[in-house]
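Q: On the provided structure of chain R, position chain H as indicated by the hints.
Residue numbers (our numbering), protein chains in the order written: chain R, 1 to 63; chain H, 1 to 200.
Hints were generated in silico from the structure; no laboratory data involved.
Treat the hints with caution; some may be incorrect.
As the list claims (entries may be wrong) - Derived DEER-like restraints, expressed as beta-carbon distance ranges:
hint	chain 1	residue 1	chain 2	residue 2	range
1	R	R20	H	A33	52 to 60 Å
2	H	N151	R	E49	33 to 41 Å
3	H	C187	R	D28	30 to 38 Å
4	H	R69	R	E46	45 to 53 Å
5	R	I15	H	K194	39 to 47 Å
6	R	K60	H	N127	45 to 53 Å
7	H	T103	R	E49	13 to 21 Å
8	H	D188	R	I29	29 to 37 Å
9	H	K199	R	D28	48 to 56 Å
What the hints assert, rightly or not - If you want a taste of the chain R side facing chain H, the calculated C-beta under 8 Å gives, among others:
hint	residue
10	D30
11	E39
12	E44
13	L45
14	I58
15	D61
Where is the CB? At the ideal position from N, CA and C, for every residue including glycine.
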Amino acid sequence: MSSDVLRAKKKYIAIRRAERRLQTRLDDIDWEFDVLLPEVEKLELEASEKLEIPEFTIVKDED
Amino acid sequence: MKIKVSTKKIANKRIGLDLEALPDPTGTWYGPAKHKLALCIGYGVGDDLHYVQAIDRRPGLFSARDLLRVREAIVGNIIVAHNASYDIGLVNGLLGEHPDLGTNYELPPMFVLDTMGDFKWGGAARNGLSERCDRANRLGWPVKAKIGSPNWRRIAQGDKIEWKVMKEYNLTDVECALGLEEFYRECDSEKTIKIKMWKP
Chain R
1 MSSDVLRAKK KYIAIRRAER RLQTRLDDID WEFDVLLPEV EKLELEASEK LEIPEFTIVK
61 DED
Chain H
1 MKIKVSTKKI ANKRIGLDLE ALPDPTGTWY GPAKHKLALC IGYGVGDDLH YVQAIDRRPG
61 LFSARDLLRV REAIVGNIIV AHNASYDIGL VNGLLGEHPD LGTNYELPPM FVLDTMGDFK
121 WGGAARNGLS ERCDRANRLG WPVKAKIGSP NWRRIAQGDK IEWKVMKEYN LTDVECALGL
181 EEFYRECDSE KTIKIKMWKP
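If we strip away everything but chain R, and leave its shape as in the complex, we get (with noise of 0.2 Å):
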């Protein structure tokens, strides 16, 4: 009996898992499609016209 509610549990934990991580990824194809495609080609086409591209550096914060 014990088992069977144990496994049970673990489904469900499984389900609920797998429909929060369908519903980040659909989010996420949302957002790059809303924001980041647009971004990005933003970024080629000012390269296109100030032959400059940005340059990204981590830096640490000063405490």
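A: Here is chain H on its own, set in the frame of chain R:
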């Protein structure tokens, strides 16, 4: 943690390039040895246009000095050309197989702005070079378009007069590529050409 953004210059200036080659007798448009049929190279920008041609008007045979001049002019700049990878590939072939130069002078990866690379097919109608030039001119951007073509058979025979026609044809195309690129970049209603990378 923060992300610092700075800018990096990727080229000094735009430079037009056009290489003419004889049609390949095997019928392929761009075979591996197409550079052996290369006739002339036009390059430059604005009033600073240059032209080099095959020694004694023999396809594929260029002086090392001329090729190095072309190389010096284009490396470090961004190439503007119709079907740019075709022209750069052929210049690279000429450099790489020149008996006096060897592989040391092959081209590095280069940035290109290809005036024919993107949005080649516009809807149902063919969006070829002349259609693009027509459009630019209709919208008030004067783009010098290619008019006519040399007689390729006479060119192959080394006809001096026809080679003069070739020079004008070639340099007009360099100006055309530069004009078209400027049109796409500056005209608000047009789509800017994206930078691409050519690799050997």
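Q: Confirm or reject each hint.
A: Hints versus structure:
For R:R20 paired with H:A33, a C-beta distance near 58 Å keeps the hint of 52 to 60 Å intact. With their beta carbons about 40 Å apart, H:N151 and R:E49 fall inside the hinted range of 33 to 41 Å. Between H:C187 and R:D28 the Cβ separation comes to about 35 Å, which falls inside the hinted range of 30 to 38 Å. A C-beta distance of roughly 32 Å is found between H:R69 and R:E46, which places it outside the suggested range of 45 to 53 Å.
The given range of 39 to 47 Å is respected by R:I15 and H:K194, whose C-beta atoms sit roughly 43 Å from each other. The hinted range of 45 to 53 Å is satisfied by R:K60 and H:N127, whose Cβ atoms lie roughly 51 Å apart. At roughly 35 Å, the beta-carbon separation of H:T103 and R:E49 lies outside the given 13 to 21 Å, and the hint is violated. Between H:D188 and R:I29 the Cβ separation comes to about 31 Å, which falls inside the hinted range of 29 to 37 Å.
Hint check: H:K199 to R:D28, Cβ distance near 31 Å, so the stated range 48 to 56 Å is violated. Restraint check, R:D30 versus chain H: the minimum CB separation of about 24 Å is more than 8 Å; hint violated. Annotation: R:E39 was flagged as interfacial toward chain H, and the flag is violated, the nearest CB pair being 13 Å apart, outside 8 Å. Nearest Cβ of chain H to the Cβ of R:E44: about 5 Å, under the 8 Å cut. The hint holds.
Nearest Cβ of chain H to the Cβ of R:L45: about 5 Å, under the 8 Å cut. The hint holds. Checking R:I58 against chain H: minimum C-beta separation of about 6 Å stays under 8 Å; hint holds. With its C-beta approaching chain H no nearer than about 6 Å, R:D61 sits inside the 8 Å limit, and its interface hint holds.
Violated hints for the displayed structure, listed by number in ascending order: 4, 7, 9, 10, 11.
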